[in-house]
Amino acid sequence: MFKFILKRVIEAIPTLLILITISFFLMRFAPGSPFSSERTLPPQVMENINAKYGLDKPVMEQYTTYLSNVLQGDLGPSFKYKDFTVNELVATALPVSAKIGAVAFVFAVFFGVGIGTIAALRQNTWLDYSVMSTAMIGIVMPSFVLAPVLIYLFSITLGWFPAGGWLDGSAKYMVLPVLGMSMMYVATFARITRGSMIETLNSNFIRTARAKGLSFSYIVLHHALKPAMLPVVSYMGPAFVGIITGSVVIETIFGLPGIGKLFVNAAFNRDYSLVMGITILIGLLFILFNAIVDILLAYVDPKIRF
Amino acid sequence: MNKNKNKNKNKITKALILGLGLSFATTSFTAFAANVPEGTKLAAKQELVRGNGNEVASLDPHKTEGVPESHVIRDLLEGLVNQDADGNTIPGVAERWETPDNKTFTFYLRQDAKWSNGDPVTADDFVYSFQRVVDPATASPYSWFLEMTSMTNAADIIAGKKDKSTLGVKAIDTHTFQVHLEHAAPYFVMMMGHTTVKPVHKATVEKFGDKWTKPENFVGNGAFVLNNWVVNERIEMVPNKFYWDNAKTVLTKVTFLPIENQVAEMNRFLSGELDFTYEVSNEHFRRLKKDHPESLQIKGSLCTYYYNFNTHKKPFDDVRVRKAISYAIDRNIVTDALLGQGQKPAYFLTPEIIAGFSPELPAYGKMTQNERNTTAKKLLAEAGYNKSNPLKFSLLYNTSENHKKLAVAIASMWKKTLGVEVTLENQEWKTYLETKKQGNFEASRAGWCGDYNEPSTFTSLMEGSNTTGGIHYQSAAYDELIKRGIEATSAEERTQLYYAQEAQLAKDMPIAPIYQYVQTRLVNPHVGGYAANNAEDKLYSKDMYIIAE
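Protein chains in written order, with the numbering used here: chain A, 1 to 306; chain B, 1 to 549.
Any given hint might turn out to be false.
To be verified - Sample of chain B residues facing chain A (criterion: CB under 10 Å; computed from the structure):
{"#": "1", "residue": "D60"}
{"#": "2", "residue": "S140"}
{"#": "3", "residue": "F242"}
{"#": "4", "residue": "I259"}
{"#": "5", "residue": "E265"}
{"#": "6", "residue": "G419"}
{"#": "7", "residue": "T423"}
What the hints assert, rightly or not - Derived pair list, reagent style DSS-like, types lysine-lysine, alpha-carbon separation capped at 30 Å:
{"#": "8", "chain 1": "B", "residue 1": "K538", "chain 2": "B", "residue 2": "K299"}
{"#": "9", "chain 1": "A", "residue 1": "K99", "chain 2": "B", "residue 2": "K211"}
{"#": "10", "chain 1": "B", "residue 1": "K241", "chain 2": "B", "residue 2": "K214"}
{"#": "11", "chain 1": "A", "residue 1": "K82", "chain 2": "B", "residue 2": "K161"}
{"#": "12", "chain 1": "A", "residue 1": "K82", "chain 2": "B", "residue 2": "K253"}
{"#": "13", "chain 1": "B", "residue 1": "K202", "chain 2": "B", "residue 2": "K241"}
{"#": "14", "chain 1": "B", "residue 1": "K313", "chain 2": "B", "residue 2": "K207"}
{"#": "15", "chain 1": "A", "residue 1": "K82", "chain 2": "B", "residue 2": "K314"}
{"#": "16", "chain 1": "A", "residue 1": "K172", "chain 2": "B", "residue 2": "K45"}
{"#": "17", "chain 1": "A", "residue 1": "K52", "chain 2": "B", "residue 2": "K45"}
{"#": "18", "chain 1": "B", "residue 1": "K416", "chain 2": "B", "residue 2": "K483"}
{"#": "19", "chain 1": "A", "residue 1": "K82", "chain 2": "B", "residue 2": "K114"}
{"#": "20", "chain 1": "B", "residue 1": "K289", "chain 2": "B", "residue 2": "K344"}
{"#": "21", "chain 1": "B", "residue 1": "K405", "chain 2": "B", "residue 2": "K366"}
{"#": "22", "chain 1": "B", "residue 1": "K314", "chain 2": "B", "residue 2": "K378"}
{"#": "23", "chain 1": "B", "residue 1": "K415", "chain 2": "B", "residue 2": "K404"}
{"#": "24", "chain 1": "A", "residue 1": "K82", "chain 2": "B", "residue 2": "K211"}
{"#": "25", "chain 1": "A", "residue 1": "K52", "chain 2": "B", "residue 2": "K211"}
{"#": "26", "chain 1": "A", "residue 1": "K52", "chain 2": "B", "residue 2": "K404"}
{"#": "27", "chain 1": "A", "residue 1": "K57", "chain 2": "B", "residue 2": "K207"}
{"#": "28", "chain 1": "B", "residue 1": "K164", "chain 2": "A", "residue 2": "K57"}
{"#": "29", "chain 1": "B", "residue 1": "K162", "chain 2": "A", "residue 2": "K52"}
{"#": "30", "chain 1": "B", "residue 1": "K507", "chain 2": "B", "residue 2": "K313"}
{"#": "31", "chain 1": "B", "residue 1": "K290", "chain 2": "B", "residue 2": "K366"}
{"#": "32", "chain 1": "A", "residue 1": "K82", "chain 2": "B", "residue 2": "K241"}
{"#": "33", "chain 1": "B", "residue 1": "K290", "chain 2": "B", "residue 2": "K41"}
{"#": "34", "chain 1": "A", "residue 1": "K82", "chain 2": "B", "residue 2": "K207"}
{"#": "35", "chain 1": "B", "residue 1": "K538", "chain 2": "A", "residue 2": "K82"}
{"#": "36", "chain 1": "A", "residue 1": "K82", "chain 2": "B", "residue 2": "K162"}
{"#": "37", "chain 1": "B", "residue 1": "K404", "chain 2": "A", "residue 2": "K57"}
{"#": "38", "chain 1": "B", "residue 1": "K507", "chain 2": "B", "residue 2": "K415"}
{"#": "39", "chain 1": "A", "residue 1": "K57", "chain 2": "A", "residue 2": "K82"}
{"#": "40", "chain 1": "B", "residue 1": "K405", "chain 2": "B", "residue 2": "K377"}
Everything labelled a hint here was simulated from the structure, so no lab data went into it. Since the structure is predicted, the reported quantities are computational estimates derived from the model, not experimental observations. Even glycine gets a Cβ: it sits at the ideal position worked out from N, Cα and C.
Can you build the whole structure from these sequences, using the hints too?
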């Protein structure tokens with residue numbers, strides 16, 4: 001296992017380096033600069049600003065300086081939010097996205113797998129049809145439609161939950177964003193689980209177990225669930241990263257100070273250092289969670305280990 | 001112009017005259033703070049939550065350039081002067097001021113003005129702060145504002161030709177601050193209400209550097225002091241107990257929420273989480289007017305929406321084409337049918353709400369739309385465009401539903417009236433700015449908001465040396481009028497020169513003014529002291545209070 005992990009870490013280094021290089025130069029080639037504004041600044045003021053942020057140096061020099069700073073864990077000052085460094089901004093935003101993402105993820109996995117299993121066990125009954133058609137609605141309804149509906153219903157009409165904000169991330173501020181964020185994943189997990197479970201239940205080793213006279217619930221829990229989870233586990237990695245980083249819609253609608261909104265604003269503002277910092281973070285998360293999923297899969301499926 | 005508008009203008013004109021310091025006489029006013037009308041029952045909880053658009057880029061007044069930043073900084077730092085609810089210039093840290101010639105201004109600072117750590121606010125603080133703005137090391141994006149006041153040596157210091165110590169500012173004694181200008185500017189006192197000229201606490205800035213604005217380090221001299229700042233979520237402040245007029249502050253807490261999405265902001269207002277919004281979405285305006293008329297607040301704003309033409313490129317190097325395109329825009333349809341929030345048609349770059357600005361409409365502004373259309377057709381034909389050779393051009397705008405809606409409507413007016421074929425092109429903000437800067441456009445959407453309540457904040461935009469927003473007008477006649485405006489010795493002469501500048505714009509038509517903006521907000525009726533008539537939208541939380549329901 002140690003060798004397996006070491007291999008993944010070594011593989012990650014060139015991937016990250018390529019990611020940093022490509023994004024660094026893509027950002028520099030994007031039209032507009034972090035400091036362009038509607039009023040054209042006098043050239044001498046512009047020079048002063050560029051000198052302050054090192055933009056007066058040749059691009060290659062900027063690149064090598066950036067790389068050496070990153071290696072030391074310094075992501076540089078934000079070009080837009082002048083009172084903060086990128087490290088500070090990421091350190092504030094990541095826990096928000098991580099907390100809300102983790103809760104949404106756990107909810108999506110348990111709820112999705114739960115209803116997917118029930119639907120598979122009651123295949124072709126009214127329960128199956130109603131659960132799966134609801135799941136279909138969940139998949140096709142984008143969060144930017146679902147979230148305003150939730151706000152209208154639970155905040156404006158019923159007044160049960162706030163329509164946005166985060167404060168300290170207490171439960172009442174999390175309910176609606178978590179629902180808005182996880183419904184699509186609940187539905188996807190449910191569909192994957194159902195399909196995989198039906199396939200497993202129809203396989204030969206289950207038939208053998210039933211022929212031996214084992215109880216159905218015992219068979220499901222001890223024999224069927226584990227192999228049925230393989231595609232679910234594979235989907236968990238991208239789903240987790242997707243929930244954490246792709247939450248920009250939910251973060252915008254609910255005014256959450258998370259990483260998704262920060263990332264999109266940084267790109268619009270040409271905040272070079274902030275875009276780079278978050279890109280590196282997302283790259284790292286992707287590599288990390290894909291590795292975790294690989295390890296989990298190896299655990300679940302012995303074929304992968306051997 | 002309706003009656004209410006005139007009334008509003010008179011108030012502002014009064015404001016200007018009060019703020020000008022035109023005479024030798026020492027000016028003195030009664031301080032203004034939350035003046036709760038008698039009989040008003042105050043709520044037990046005095047906490048205000050304000051929507052504030054985008055996240056602030058900084059809370060250092062010398063490093064900001066946006067409106068959201070100004071709203072927050074106005075509560076945290078106090079400059080030489082403030083404004084009252086109607087936009088009149090009133091004392092801030094300076095309790096009075098005098099000028100013999102509109103070139104030398106002496107401000108007498110109040111003895112009881114203190115920083116939030118208890119230090120007195122002194123003339124040296126203003127000397128330090130003004131020098132910091134123009135210091136190249138600060139790299140202030142608004143340093144040009146001091147250059148624009150014609151403060152002695154400001155331009156040379158920004159350009160790195162002179163040391164910051166040569167700036168025309170002086171501390172006569174602890175509480176007397178003097179400024180020297182190269183040209184007379186009767187509106188100088190009014191300009192001192194701007195965010196860029198707020199003082200900062202020298203010892204704090206020098207100790208913490210860029211981190212001085214963090215809540216744990218912040219020292220300010222405003223009515224409130226920074227308490228909490230979570231980027232993209234909230235800024236919280238509490239009363240500054242050392243503020244000279246703190247006894248009159250009613251609110252115990254003010255929270256600014258950065259919510260850039262107008263619908264999200266509206267939802268949070270409707271669910272009772274916000275006391276007032278930053279703006280109102282155009283799509284929801286009519287519904288809100290019907291369902292929540294008690295909460296809608298509309299006021300004139302110092303902003304103009306216009307299309308500008310690239311006068312160095314075909315087809316807009318021909319004044320006849322520019323005029324034809326401008327005339328064929330039915331501005332009344334834009335303001336009444338497309339926008340409908342109270343915006344007014346624009347025939348000037350300078351919005352008519354600007355203090356002391358009421359020139360006669362240019363000839364095309366007095367015509368009916370039919371007459372304008374007929375003239376436009378004639379001009380376009382003279383320029384050589386007709387059915388077999390139709391005029392074709394592209395119109396650039398920055399990505400936004402509102403700009404798109406207007407562009408589509410106006411393009412169809414051009415098509416219908418003149419047979420012009422327009423290609424609409426949208427670009428996201430920074431790309432749009434770059435395209436305009438490079439001059440790679442034919443016609444483009446633009447807008448401008450004044451930095452102070454005086455025409456020069458608009459007319460200087462079209463000066464040849466200014467390439468803001470891709471304007472490359474460069475008219476020697478116009479530049480001469482600007483120069484004469486700066487050097488004018490009387491207010492009357494200057495006003496006439498502003499009118500002449502606008503007349504020159506109508507003659508050359510480098511831009512087609514379209515409409516004058518309004519500022520629309522949802523304000524909970526329980527908010528007292530909201531400055532509904534302040535044209536510059538200078539809202540001070542210290543003037544507000546929460547009424548018991």
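Verification of the supplied hints:
| no. | hint | verdict |
| --- | --- | --- |
| 1 | D60 | 7 Å, holds |
| 2 | S140 | 7 Å, holds |
| 3 | F242 | 23 Å, violated |
| 4 | I259 | 5 Å, holds |
| 5 | E265 | 8 Å, holds |
| 6 | G419 | 33 Å, violated |
| 7 | T423 | 19 Å, violated |
| 8 | B/K538 <-> B/K299 | 12 Å, holds |
| 9 | A/K99 <-> B/K211 | 27 Å, holds |
| 10 | B/K241 <-> B/K214 | 19 Å, holds |
| 11 | A/K82 <-> B/K161 | 26 Å, holds |
| 12 | A/K82 <-> B/K253 | 25 Å, holds |
| 13 | B/K202 <-> B/K241 | 20 Å, holds |
| 14 | B/K313 <-> B/K207 | 52 Å, violated |
| 15 | A/K82 <-> B/K314 | 41 Å, violated |
| 16 | A/K172 <-> B/K45 | 22 Å, holds |
| 17 | A/K52 <-> B/K45 | 45 Å, violated |
| 18 | B/K416 <-> B/K483 | 41 Å, violated |
| 19 | A/K82 <-> B/K114 | 27 Å, holds |
| 20 | B/K289 <-> B/K344 | 18 Å, holds |
| 21 | B/K405 <-> B/K366 | 26 Å, holds |
| 22 | B/K314 <-> B/K378 | 19 Å, holds |
| 23 | B/K415 <-> B/K404 | 16 Å, holds |
| 24 | A/K82 <-> B/K211 | 9 Å, holds |
| 25 | A/K52 <-> B/K211 | 16 Å, holds |
| 26 | A/K52 <-> B/K404 | 37 Å, violated |
| 27 | A/K57 <-> B/K207 | 29 Å, holds |
| 28 | B/K164 <-> A/K57 | 26 Å, holds |
| 29 | B/K162 <-> A/K52 | 19 Å, holds |
| 30 | B/K507 <-> B/K313 | 18 Å, holds |
| 31 | B/K290 <-> B/K366 | 34 Å, violated |
| 32 | A/K82 <-> B/K241 | 28 Å, holds |
| 33 | B/K290 <-> B/K41 | 28 Å, holds |
| 34 | A/K82 <-> B/K207 | 17 Å, holds |
| 35 | B/K538 <-> A/K82 | 24 Å, holds |
| 36 | A/K82 <-> B/K162 | 27 Å, holds |
| 37 | B/K404 <-> A/K57 | 39 Å, violated |
| 38 | B/K507 <-> B/K415 | 24 Å, holds |
| 39 | A/K57 <-> A/K82 | 20 Å, holds |
| 40 | B/K405 <-> B/K377 | 24 Å, holds |
The earlier numbered hints that this structure contradicts are 3, 6, 7, 14, 15, 17, 18, 26, 31, 37.
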